[in-house]
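Please work from the sequences and hints to get the whole structure.
Residue numbers (this note's numbering), protein chains in the order written: chain A, 1 to 164; chain B, 1 to 164.
One should not assume that every hint holds.
Unchecked claim - Using 30 Å as the maximum straight-line C-alpha spacing, the simulated DSS-like pairs for lysine-lysine come out as follows:
#1 Lys49/B <-> Lys161/B
#2 Lys49/A <-> Lys49/B
#3 Lys161/A <-> Lys49/A
#4 Lys161/B <-> Lys161/A
Claimed, not checked - Just the calculated beta-carbon pair ranges, DEER-fashion:
#5 Arg133/B <-> Val142/A: 27 to 33 Å
#6 Pro91/A <-> Gly153/B: 42 to 48 Å
#7 Gln94/A <-> Gly95/B: 16 to 22 Å
#8 Arg22/B <-> Val142/A: 37 to 43 Å
Honestly, the hints are just simulated from the structure, not real lab data.
Yeah, the Cβ is synthetic: ideal placement off N, Cα and C, and Gly gets one too.
So you can see what is in the structure, the chains are spelled out below.
There are 2 protein chains.
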Amino acid sequence: MNTSADIAMRHRIEPEDRDRVRQIVESTAMFRPDEVGVAVELVDERLAKGEASGYHFAFAERAGEVAGYACFGPIACTIASFDLYWIAVAPDLQGRGLGRRLVEEAERQIRALGGQRVYIDTSGRPQYEPTRRFYERCGYAVQAVLPEFYAPGDDRVIFFKRLG
Amino acid sequence: MNTSADIAMRHRIEPEDRDRVRQIVESTAMFRPDEVGVAVELVDERLAKGEASGYHFAFAERAGEVAGYACFGPIACTIASFDLYWIAVAPDLQGRGLGRRLVEEAERQIRALGGQRVYIDTSGRPQYEPTRRFYERCGYAVQAVLPEFYAPGDDRVIFFKRLG
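Put into structure tokens, the structure is as follows:
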């Protein structure tokens with residue numbers, strides 16, 4: 001089935017999500033070990049500090065299994081700007097509109113938290129071309145590019161969307 | 001005396017720096033209470049976790065008193081990029097080249113930590129015009145502007161310098 005009709009969204013975090021997030025992020029083969037570590041760290045922060053951590057989550061579940069997740073939160077010292085820090089979908093479940101559903105769920109929660117502006121950072125490397133096209137399809141536009149920010153030849157591309 | 005010859009630099013942090021940082025940041029009258037809170041939080045993180053916090057400091061001392069400070073650190077998921085998070089000088093000691101000395105000390109430490117690229121975020125509001133000119137005099141250039149990032153009418157201006 002090429003639909004996401006059998007997907008349920010959950011935003012309450014569970015201790016088991018620590019391993020699930022690690023598995024999903026690793027399974028995409030898009031991130032270095034230090035980046036995987038950062039993804040897991042945000043789960044730890046949330047589990048330890050609750051909402052005060054500033055990290056919010058959306059989990060997409062299919063038949064009781066976590067198929068993907070998004071992590072986002074308010075940006076310190078701003079009135080209504082949020083970062084969408086992470087979005088990842090298990091490789092065998094990609095191409096079903098799940099990423100899109102996760103972005104929409106994140107935006108729904110961000111609106112509920114008073115957010116009006118969403119920023120997403122991603123890499124300018126060729127292998128991230130599908131990622132960048134995906135954000136454009138979700139209504140995001142490039143607002144700035146910081147050359148070589150991540151590493152030589154690896155620009156930081158800042159996407160932005162104003163929530164309606 | 002209009003020089004900074006009597007200034008000593010210290011980068012080892014002390015528990016007393018928590019109150020000193022709060023006092024200096026508040027005394028500049030440039031920051032909202034939530035921003036002051038963030039400045040103090042970075043000191044707390046450093047005191048609790050040491051270098052693992054990712055926050056490094058330079059303190060400028062004059063006659064045994066802290067006259068200003070800078071806070072900086074490596075940016076996660078980058079190879080050699082650093083953020084200069086905070087720089088503040090007590091109002092009665094401004095105009096003596098102390099800010100400049102603090103930026104240079106931060107850059108020296110950043111180089112020693114393997115950093116090659118330094119980013120500074122600041123506001124596009126008129127009251128930050130002297131701050132922006134100061135960063136330009138220190139060799140930084142605007143690399144991106146994110147309109148209304150902080151609040152309506154309050155852009156985020158990203159300055160950048162490549163360390164030689």
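Going down the list of hints, with the structure as the test:
Pair hint Lys49/B plus Lys161/B holds up; C-alpha atoms about 28 Å apart against a cutoff of 30 Å. For the suggested pair Lys49/A and Lys49/B, the alpha carbons sit about 16 Å apart, so the restraint of at most 30 Å is met. With a C-alpha separation of about 28 Å, the suggested pair Lys161/A and Lys49/A falls inside the 30 Å cut-off, and the hint holds. Between Lys161/B and Lys161/A the alpha-carbon distance is near 28 Å, which keeps this suggested pair within the 30 Å criterion.
For the pair Arg133/B and Val142/A, the beta carbons lie near 29 Å from each other, so the given range of 27 to 33 Å is met. Between Pro91/A and Gly153/B the CB atoms are about 44 Å apart, so this pair conforms to the stated range of 42 to 48 Å. For the pair Gln94/A and Gly95/B, the beta carbons lie near 57 Å from each other, so the given range of 16 to 22 Å is not met. Look at Arg22/B against Val142/A: about 38 Å separates their beta carbons, and that is inside 37 to 43 Å.
Hint 7 alone, counting from the list given before, is not met by this structure.
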